[in-house]
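Visitor: These are the residues of each chain, in order.
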Amino acid sequence: MNEEQTWLFQAQQGDDEAFTRLVEIYQTPVFNLCYRMLGEPELAEDAAQESFLRVHQNLTRYDLARPFATWLLSITAHYCIDRLRRRKFGLISIEERADDEDNPTEFADPGAINPEEEVERREGQQAIQRVLQHLNSTDRAAIILRYWYDFSEIEIAESLNLTIPAVKSRLHRARRELANCISAETPQPRLERMPYGTPAL
Amino acid sequence: MEHQPFESWLLDDLPLTSEQRRNLRQHTLACAECAALERANFRLRASSMAVPARGFSQRFSARLAGQRRVEQRRAVIGAVFLALAALALLIYNLLPLLPYLVLSPTQIFVLWLNALISLSAAWHSAVTVSEVFGRLALQILPPRVWAAAFLSLGGLLIVWLAALRQDTKPIPLPEEA
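Listed in order, the protein sequences are those of chains H and V. Position 31, counted from 1, in the first sequence is what our numbering calls 32; the numbers after and before it change by one each time, with no gaps. Position 89, counted from 1, in the second sequence is what our numbering calls 204; the numbers after and before it change by one each time, with no gaps.
Calculated directly from the structure, the hints in this document are not laboratory data. Built from N, CA and C at the ideal position, the CB exists for glycine as well. Just so you know, not all the hints are guaranteed correct.
[Claimed, not checked] No farther apart than 25 angstroms at their CA atoms in a straight line, the calculated lysine to any residue pairs in the SDA-like style are these: (1) H/Lys89 to H/Ala167; (2) H/Lys169 to V/Arg154; (3) H/Lys169 to V/Cys146; (4) H/Lys169 to V/Pro130.
[Stated by the list, open to error] Negatives, chain V to chain H, calculated, CB over 10 angstroms: (5) Gln119; (6) Leu144; (7) Arg189; (8) Phe196; (9) Leu202; (10) Leu228; (11) Ser235; (12) Val247; (13) Phe248; (14) Arg250; (15) Trp261; (16) Leu272; (17) Arg280.
Could you build all of it, start to finish, from the sequences and the hints given here?
Guide: And the structure:
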């Protein structure tokens with residue numbers, strides 16, 4: 002039994018300190034998943050906390066033989082999908098709606114040395130965040146689990162309760178959609194001649 | 116323009132050999148659609164993890180404690196509500212018996228005796244009323260009508276019994292070949 006499994010076992014016995022250690026380890030992956038899904042740091046923080054609470058409440062049901070990260074991220078992904086669906090059908094609070102109207106922001110990298118690179122990185126991240134918002138919630142979850150967590154198609158299928166062909170088709174569709182969005186966001190050079198312009202030569 | 120197999124490689128996003136990568140690069144120089152797919156994959160792969168603000172686990176601990184307090188409060192409120200409901204039900208069931216609690220044993224005995232006498236009197240009244248009605252019926256209808264009614268009822272009974280016997284007669288099974 003490794004350290005993580007020991008903490009998990011202790012947490013299952015009701016040890017809150019052991020669970021807090023697990024929260025410390027997994028806070029970034031869980032927060033990142035929520036942020037990529039919901040697009041707002043405040044909503045992501047709330048969703049990540051809520052996901053950990055759900056995990057804590059259902060810890061007795063967790064099978065120690067399964068990878069904890071997969072189980073945790075599966076609960077988080079389902080929570081975010083539910084939240085997005087509620088948002089879609091207008092079942093969210095006024096505060097939440099107000100947050101949604103703000104522009105998405107990306108966190109600064111404390112390790113960044115070159116400010117120009119940092120700005121570029123931020124812009125790139127914001128662009129990715131913007132195009133992710135075009136996908137439907139399940140496709141988005143599949144893409145995030147694939148690219149940020151290196152989940153295999155089988156793991157994504159298990160996490161999102163989908164079949165493997167369904168995951169494959171969702172990933173294909175999402176990649177096409179993202180490519181279209183990125184192309185639309187990137188200004189294309191105008192190669193054709195202006196119909197009424199004076200020729201240079 | 117032929118997109119295959121490059122499009123499939125990009126949509127599946129599987130690792131490519133150096134030769135495949137070279138071919139793909141040549142194709143994407145000419146094909147905007149596949150270039151966009153490649154760019155999307157590249158951007159997704161290059162994305163970093165978003166990190167929460169400092170003190171996430173402390174905030175979670177506080178939230179967990181808050182949740183516990185709420186659950187405890189809910190449990191207490193639930194227990195109080197259940198106890199009150201049980202008490203109300205008990206009082207409701209005991210209410211008819213409450214007057215008996217202030218009576219002496221002799222008074223209770225007298226009450227029971229009264230109840231028995233009332234029951235007996237009611238029974239006698241019912242018997243008397245039915246006798247009176249019976250006599251009245253006999254006096255109103257002539258004996259011929261009574262005889263005809265009894266005879267027709269008897270005939271109907273015989274017909275019914277005959278029909279029953281006919282219906283319940285065992286049917287011989289066909290012989291097996």
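Visitor: Indicate, hint by hint, whether the structure satisfies it.
Guide: Tested hints:
1. H/Lys89 to H/Ala167: holds (23 angstroms)
2. H/Lys169 to V/Arg154: Cα-Cα ~19 angstroms, so holds.
3. H/Lys169 to V/Cys146: With a Cα-Cα distance of about 24 angstroms, the restraint between H/Lys169 and V/Cys146 holds, given a limit of 25 angstroms.
4. H/Lys169 to V/Pro130: holds (16 angstroms)
5. Gln119: The claim holds: V/Gln119 sits with its nearest Cβ about 14 angstroms from chain H, beyond 10 angstroms.
6. Leu144: At roughly 14 angstroms from the nearest Cβ of chain H, V/Leu144 sits farther out than 10 angstroms, so the non-interface label holds.
7. Arg189: The claim holds: V/Arg189 sits with its nearest Cβ about 14 angstroms from chain H, beyond 10 angstroms.
8. Phe196: holds (23 angstroms)
9. Leu202: Consistent with the label, V/Leu202 stays out of reach of chain H, its closest Cβ about 32 angstroms off (over 10 angstroms).
10. Leu228: It holds; V/Leu228 is separated from chain H by about 63 angstroms at its closest Cβ, greater than 10 angstroms.
11. Ser235: holds (65 angstroms)
12. Val247: holds (74 angstroms)
13. Phe248: holds (70 angstroms)
14. Arg250: Per Cβ check, V/Arg250 is outside 10 angstroms of chain H; nearest 78 angstroms; holds.
15. Trp261: Non-interface label stands for V/Trp261: nearest chain H Cβ at 78 angstroms, farther than 10 angstroms.
16. Leu272: holds (70 angstroms)
17. Arg280: holds (67 angstroms)
Of the hints listed earlier, there is not a single one the structure fails to meet.
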